[in-house]
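Asks: Single-letter residue listing:
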Amino acid sequence: MTATADSGHSPELPPMPMPTGPPAPRTAPDGPAADGRADPPPASAVLEVAGLDVRFGSGPGQVHAVRDVSLTLAAGRCVALVGESGSGKSTLGRALLGLAGPTATVTARRLRIHGSDALAFGPRQWRAVRGRRVGLVSQDALVALDPLRPIGREIAEAMVAHGLVARRDTGPAVQALLERVGIPDPAQRARSYPHQLSGGLRQRALIASALAAQPDVLITDEPTTALDASVQARILALLGQLKADGTGLLLISHDLAVVEALADEVAVMHEGSVVEAGPVADVLAHPRHPYTIALLEAVPGRRRRIPEPTGATATGEQTATGEQAAAGEQAATGEQAGAGGAALLVVTDAVKHFHGARGVRRTAVDDVSFTLRAGETLGLVGESGSGKSTLAGLVLGLIAPDGGQVRLAGQPWSARPERERRAERHTLQLVPQDPLSAFDPRWTVARILGEALAAIDVARRDRRAHALTLLEQVGLSVTHLDRRPLALSGGQRQRVAIARALATRPRLLVCDEPVSALDVSTQAQILALLRELAGSLGLAVLFISHDLAVVRELCARVLVMKDGRIVETGPVERVFTDPHHPYTRELLSAVPGEIGRVARAGTVPSRPTEEN
Amino acid sequence: MRSAIRPVVVRLLGAVGVVWGAVTLAFGVLQLIPGDPVNAIVGTNALVGPEQRALLRERYDLDQPLFTQYLDHLGRLATGRLGDSYQLQQPVWSVITDQLWPTVELALWASLLAVVLSVAVTVLTSGRSRWPRRVSSLLELLVVSTPAFWLGILLLTVFSFHLGWLPVSDTGDPRSLVLPVVTLGLPIAAILTQVMREGLLTALDAPFVLTARARGLAEHSVRSRHALRHSALPALTLAGWFVGTLLGGAVIVENVFARPGLGRVALQAVADRDFPVVQGVVALSAVVFVVVSAVVDVLYAVVDPRLRRRTGMVAA
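So the sequence lines, in the order shown, correspond to chains A and B.
Heads up: the first sequence begins at -14 in this note's numbering, then just goes up one per residue.
Heads up: the second sequence begins at 23 in this note's numbering, then just goes up one per residue.
I should point out that these hints are in silico values taken from the structure, not numbers from a laboratory.
The reader is advised that the hints may include incorrect statements.
Non-contacting residues of chain A with respect to chain B, defined by C-beta distances greater than 12 Å in every case (computed) [unchecked claim]:
(1) ARG118
(2) GLU139
(3) GLU164
(4) ASP447
Stretches of chain B that chain A covers, calculated by requiring three or more beta carbons in the stretch to come under 8 Å of a beta carbon on chain A [said to hold, decoys possible]:
(5) 127 to 140
(6) 163 to 173
(7) 229 to 238
Quick reminder that beta carbons are idealized off the backbone N, C-alpha and C, glycines included.
So that you can see chain A by itself, here it is in the shape it has in the complex:
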């Protein structure tokens, strides 16, 4: 692995046309690779690539996924690759491991791993590099780890494959590694299967398996995207620790807040090309390319949002903390009944237990009370497992409460039999997290919307016209009417899901993490749409999210949920600037980026709550 012929290999590389380059002032070669263009690379450069192109297929249907990308990864440095999904980030990451797939054609002017010319690698040489020199950590550890094997064996596999440890001696090495990535009780955890671990522990196990053969560089592909804010913060801390220990990182992410926390340099990717690159502070503070500016604009919490004063936020000084919160909330809504419109949804002392394995009783929703008025947007925040979705199920009448009750529009809701409830179901609708799994993939958009329209007795011949009106309402057009969900982008799918929810002319939308699976820029569009629709149609919205920044964008009032209880409630600005409950503070400080920094620093800006 100590090839000395640094310059000797260059002439053998396939001739590549010189890049014309996008008209950005800072193009890729001057960015991360700025110090290594003409001179021999610095001693610490582990992976060096210049002019990388990846094409899929051939002929007219060819897709040019990555165009002329150059970067250098060095030990102890973190380069971030930012862009929307489909911008070619992941393809680039895989191409660096020689794993772009059988249909891909990868060309480059220069691709050197540990001084060896990787363009001349055969399968055997690639295998020697993968895991040993460059490791890969993918996004969702639940699917990125073999679900049928214990994590210990997955980790040991890499050690054995590279001949570092004999198969029967892997036990202590695996445990040491699990301990290094912060997994408690490593001896026992090594025998766990991925589905038995929480999201954070799974991601740690995946990182451990990528570290097993002691690579110098890790390619981390969206390492925190599917995780809660606080888990995300801990994983980022782990990656930061690895970086400090001397591992080079290529951080692929669409989340600029994550990038800001970890990266030294950043390359912004758009449609396969790097449009802007440079030190992270520079690029984020003074973006030059329009795409980078748009990407930064889209980050929730970064925009200057002017809180709209509504009746709901006028509750003023609420000193409710913890247990008193729910009671205080109720008293407040009692007084407010005239101010903010009629109470549409009243949840009183709702309780729901689940019976787990071996007779363990778990309380998913514990004595929760709140009121949602017509036209109000209420946020519900908490980590996964805090009971948010169960509460949504109670509100939707899909789960029967074990105690307490839910009233809708002044009528009993949870207490009525389903037969009676069905006629009223159109007044409240769900916007799901992942519309792709909430749609029948074989149905066209017209049929999906038609089914919802049939529920409020729209005649068959009128449904298409109605469906089109709905699509236009959510910013889509007639061209989308005959598409199937798989032919739509993530944002378009979520728009169709909103259109379907609106089809029955509801008064209440329950949005269960509607934007958590979307890119930041798409996320911003969907949030704008929701805000506009709620305003123009006078909808009440119960907005469930683990993302505090998103809730702050959209909601006037927020409920913070932990272990099935509402621990804090109040106007969103007050909760964010002056959190009372320790858990809220913990949630806030876990958010990477601007909001989190404020909370971490403990310097709560004196944003006057009186402005409401």
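Position chain B against the provided structure of chain A, taking the given hints into account.
Replies: Leaving out everything else, chain B in the frame of chain A:
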């Protein structure tokens, strides 16, 4: 402790229900076959007067109302008595046990052939290049769409009559087992291969395979350690069909190759209206099905750790 016993009890009750259903159905269907069972008892050529017929009826309880006969039958089965064969004049139990081994031998070899063949073909034809897969798919389609008796006759014609390599019928020579096993196992192998290859290709597209490759694993380890186990899951689902095909196929194969066995006995018994034998075979196959599906459930949990809690087993 109670939560561990409960699924087992539910399972056993279900098993009893399945056997009862199969036996009841067989009883009902046999009543619909025209002809007098007394003929089966006395034989078609015997000259028997009406008095003797009445006597026989009484002896075999055929003069009782249908419902009483049914209850008697269930009662006997519940206590493990299968009755006497009308035709062979010996206990059904001994008829079945005499003929069991040749069928079991045939079925086991055929299963082994099917599993080994399908795993081998799956692994060999799921590579990057497409043509082995295409050739194999074509052959699979051909084998699946060929009726079993026709396949048997074809193999006999080629290997026994023309080439003379293998014996035509059962001679006690192990070689006489080859053609029946191939006839029975080949169609099963063809279907299993299709299902497993589909599963293997799906598994090879999964993210964890990318992770495994990114660890520096060689392609054969990726396949054998990761993907193959995933492809076994859909194949396990076919176990019920597998057993059904073995039992049904045994009837055809034993007749084509003139082998002794349960299949042949069952066919003969149906033709002769030999009720007790048919009932015995039906009850036996119901028990076999129940046992196999229980074994498959355990196998599922062995292969897929995600299912362990649901089946009442504790994840190690």
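Asks: How about the region 229 to 238 of chain B: do at least three of its residues have a C-beta closer than 8 Å to a C-beta of chain A?
Replies: holds (count 9)
Asks: Are all C-beta atoms of chain B more than 12 Å from that of GLU164 (chain A)?
Replies: Nearest chain B Cβ is 20 Å from GLU164 (chain A), so the label holds.
Asks: The region 127 to 140 of chain B covered by chain A? Criterion: 3 or more residues, Cβ-Cβ distance below 8 Å.
Replies: Since 0 is below three, the answer is violated.
Asks: Does GLU139 (chain A) really sit off the interface, with its C-beta more than 12 Å from all C-beta atoms of chain B?
Replies: 8 Å, violated
Asks: Can you tell me if the region 163 to 173 of chain B counts as covered by chain A, using C-beta to C-beta distances under 8 Å and a minimum of three residues?
Replies: violated (count 0)
Asks: The output says ASP447 (chain A) does not contact chain B. Does that hold with a beta carbon cutoff of 12 Å?
Replies: With a cut-off of 12 Å, ASP447 (chain A) remains clear of chain B, as the shortest Cβ separation is near 42 Å.
Asks: Are all beta-carbon distances from ARG118 (chain A) to chain B longer than 12 Å?
Replies: ARG118 (chain A) is in fact no farther than 12 Å from some Cβ atom of chain B, at 9 Å.
Violated hints for the displayed structure, listed by number in ascending order: 1, 2, 5 and 6.
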